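Engineer: Based on these hints, arrange chain B on the given structure of chain A.
Okay, here's what each chain looks like letter by letter:
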Amino acid sequence: VGPRNGAHVVAKAWTDPEFAAWLKRDATAAIASLGYMGRQGEHMQAVFNTPDTHNLIVCTLCSCYPWTVLGVPPTWYKAPPYRSQAVINPRGVLAEFGLELPETIRIRVWDSTAELRYMVVPMRPAWHRIDERNAPGGSRHPGFDDRNRSAAQSGRSGI
Amino acid sequence: MNGPHDLGGQMGFGAVAPDPEEPKFHADWERRALGITLATGVMGAWNIDESRHARESLHPALLLQRQLLRDLDPGAGKAARAPWIRECR
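Protein chains in written order, with our numbering: chain A, 110 to 268; chain B, 993 to 1081.
Bound-form chain A, shown alone (with noise of 0.2 Å):
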């Protein structure tokens, strides 16, 4: 019910150009061939954060919310706050998760409808080590310190 599986797709997409491609550029398909798939995760998109910049995920209709994927939506996700103030001020509502990004950062909202859901994958740290094969499932994560969960938990909340 955790973003374990989101976890390992961003894992796999930092260590393996081949599959982030992929996953660019169908990402339903690259992350079915891990093996999630299912209700609520029927058609995916990957959005990637870039230095210039910052993904944004909301659904302002609903709680649209990659399941399969990212797990079950956290409250905030779901209530009319987050909603409504994602679309007029993304950065204000960045800034309640503790993230403020310079003016020069571009963020782009991606408004999910009960077809396409979305997924970020943040950049992957200069300094980070994760090996992808540790990454899901395991009860160790080695070289996934708590900076690590940071950027992967970005992906899961579209951060």
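Hint data in this document are derived by calculation from the structure and do not stem from the laboratory. All values reported here derive from a predicted model rather than from experimental measurement. Hints are supplied without guarantee of correctness; some may be wrong.
[To be verified] Covered, in the sense of this in silico footprint (three residues per stretch, anywhere, with C-beta under 8 Å from a C-beta of chain A), are these stretches of chain B:
(1) 994-1000
(2) 1009-1022
(3) 1032-1044
Note that beta-carbon positions come from the ideal geometry of N, C-alpha and C, so glycine has one too.
Structural biologist: Same frame as chain A, but now just chain B:
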């Protein structure tokens, strides 16, 4: 179609106030409800359009009230007691 569920750009709901310690489930019934939802989905007992239609067919007052009642539910855990709803109270 627009309606009370269409929240994009609306104002007045207060702060987002994320809770980093939020549990995956706030009450036992949520586990069971998720299991039933997924199982009946696999069986083809409902589809996404039906569930959206059911929700969005609610009277606006009921839709907002339902959210209000859920967030005021003392059994629903601290994460569900959102600040925006306390302001409404």
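Engineer: Between the segment 1009-1022 of chain B and chain A, see if three or more residues pass the 8 Å beta-carbon test, and mark the coverage as holds or violated.
Structural biologist: Our answer is that it holds, as 7 residues pass the Cβ test (under 8 Å) against chain A, meeting three.
Engineer: Tell me whether the statement that chain A covers the segment 994-1000 of chain B is true, taking a Cβ distance below 8 Å and needing three residues at minimum.
Structural biologist: holds (count 4)
Engineer: Holds or violated: the segment 1032-1044 of chain B covered by chain A, criterion of 3 or more residues with Cβ-Cβ distance under 8 Å?
Structural biologist: Our answer is that it holds, as 5 residues pass the Cβ test (under 8 Å) against chain A, meeting three.
The structure fails none of the hints (numbered hints given earlier).
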